[in-house]
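Asker: Listed here are the chains, written in short residue letters.
Protein chains: 2
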Amino acid sequence: MITIKQIAEEANVSVASVSRYFNNKAVLSLKKQKAIADVVDKHGYVPNSIGRSLRMARSGKILILLPTMENPMYLRIITAIENECYQYGYTALVCDTHRNPHKERHLLSMLENHYADGAILFSSTLNGKELESLAKRYPIVLCCEQRPDAAVASVSIDDYAAAYEAVEHLLNMGHTRIAIALGSEVYGSTVFRREGYMDALKSRNISITADYILVGDYGYNSGMKCVEKLAKIKPMPTAVLCISDAVAIGAIKKCRELDIKMAVAGFDNTSITRVYMPSVTSVAQPRSLMGTTAMQLLHAMIMNPKEKHVKKILPHQLVVRESTLIC
Amino acid sequence: MITIKQIAEEANVSVASVSRYFNNKAVLSLKKQKAIADVVDKHGYVPNSIGRSLRMARSGKILILLPTMENPMYLRIITAIENECYQYGYTALVCDTHRNPHKERHLLSMLENHYADGAILFSSTLNGKELESLAKRYPIVLCCEQRPDAAVASVSIDDYAAAYEAVEHLLNMGHTRIAIALGSEVYGSTVFRREGYMDALKSRNISITADYILVGDYGYNSGMKCVEKLAKIKPMPTAVLCISDAVAIGAIKKCRELDIKMAVAGFDNTSITRVYMPSVTSVAQPRSLMGTTAMQLLHAMIMNPKEKHVKKILPHQLVVRESTLIC
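Top line first, the protein sequences correspond to chains R and V.
Read left to right, the first sequence gives residues 455 to 781 (the numbering used here).
Read left to right, the second sequence gives residues 455 to 781 (the numbering used here).
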């Protein structure tokens, strides 16, 4: 296998630059980063994280904890985390908590045993106090959700603003009876999006109809059930904002089955939204940037345990497609 | 946290039964398994794998290596592996090889360091010889693909028979010009499915048209490109069998855009096939059973390194839906 010295020669940079590339590449010029990346990719070089971890008393492993493996929204983010890990020489270990706090704690015990150097948590099932206590002892970054109640680093969009904007779009399309299909209140994203939904309606002096606020999960079936319920309410809503693209697609499918016209918007802008017929309006989260940012925050905390707990808010974007235009 | 003794009391079984439950539950009656599972679930009990690994010189960790995190087909299988791991007291660590053999080898080096006890490989990028050599030293199970050229344990469907049956269905619907959209030849599934496709056509004395055999990847875009190519061929095929459901959906979408009628079938029977409009004919793989079986084989090999390399073939099922009925 090629050595760091050979990489430096072939990329025409110093050995120190190659070392920085793997430890803190942001300090290098983009030109140098690219020159080194080309040589690293060409030879499939993988930094020797075991040697590194012996020198640095670290394992070179990162935990990524998910509440489920079956949410397509997470996958692009994880790919971005993975790519970032590879650059720094970490190995990413993805684990499923099954939304079980016992299991989540058990997995996090790998941090105690120096089995892993830090963790990125997606939709943690732990409460703010427990997270804060963990974050005092170990490098931890929350991804996709922030916890205003706890001093924990996080990367997310502004879920309040994103839902507000999506509801404004539906209002601008002439809808006044607008429903929302949410997830469990355990998740911060649901709490913030509900607030954004309510405030957008209030801004146009539309009163809130409790029956229009539904709670389910993130899958197709939940969207189908949601429309079944809405179809029985009088007056029936003419539009619904859904917590995920899968819920939106389930809703559209059920509307077709029941021969109902309803504008439907989703969240996450997963790739199915473009190929579904009709194509689906959705709020895009910058998934690659979220993953890269989460890993950069985590790496900074591993390198410097005194690093502050930053709460990064990244930009979202409403992508309007057929599902809210044809109604 | 509750102890094994307390679990035994509450489930009204012996301590030995609880121990067997976590080490080899198949020897217990289903009634006992259920009684113990109920108590374990109620208290969220997690076996102390660190204590176990000290006693048994094992880490209590299992590697699951994927070529990409973005294939929905794998996710249900992994959930099943996870559930099985939880019963035996293992922690599953999912890692992404990015289809890079260098990275795959680097990840597998965790077996050398006793960082993990065994590995389940999805679509390995290593050749048969290398896999066989690894399998001599460590517990390894291939999932979703078999390698007839190597003595390695595996769990898969019969890809040849599955493709043969799907093509027979298209023939029975009156199609004679049938195309196929495959993945790279690196993957055994592509090689076997192409053979099944060709033999099904030959069985009806239909000659093979080289232009009807396309190679791409597993995503929506690949399906769209596939139909773009097929649309330019004269005579144009009237049906296409696709290597994945995402490719099938991309193909259907492009047919609609180009106003072409073509019967389309996919592979894997992922949940989108039911909610897409039209719903999509697909070959179902028994994903939960595949995951459970892979983990049971791996556990047996970890417990007994002399265990044989079993190649399990599990039943598939063609699920016929609108996408091959409406043309």
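In short, the hints are calculated from the structure, not lab data.
Be a bit skeptical, because a hint or two may be false.
As the list makes no split between identical chains, a pair holds if one copy fits it or if it spans any two.
[As the list claims (entries may be wrong)] Lysine-lysine pairs mimicking PhoX-like chemistry, simulated, CA-CA at most 25 Å apart: (1) K486 - K760; (2) K485 - K496; (3) K459 - K557.
Asker: Hint by hint, say whether it matches the structure.
Answerer: Structure-based check of each hint:
Proximity of K486 to K760 under the C-alpha cut-off of 25 Å is found in neither arrangement, the shortest distances being 29 Å within a copy and 51 Å between copies. Proximity of K485 to K496 under the C-alpha cut-off of 25 Å is restricted to the intra-copy arrangement: shortest distance 17 Å within a copy versus 56 Å between copies. Proximity of K459 and K557 under a CA criterion of 25 Å is satisfied inter-copy only: 20 Å between copies versus 43 Å inside one chain copy.
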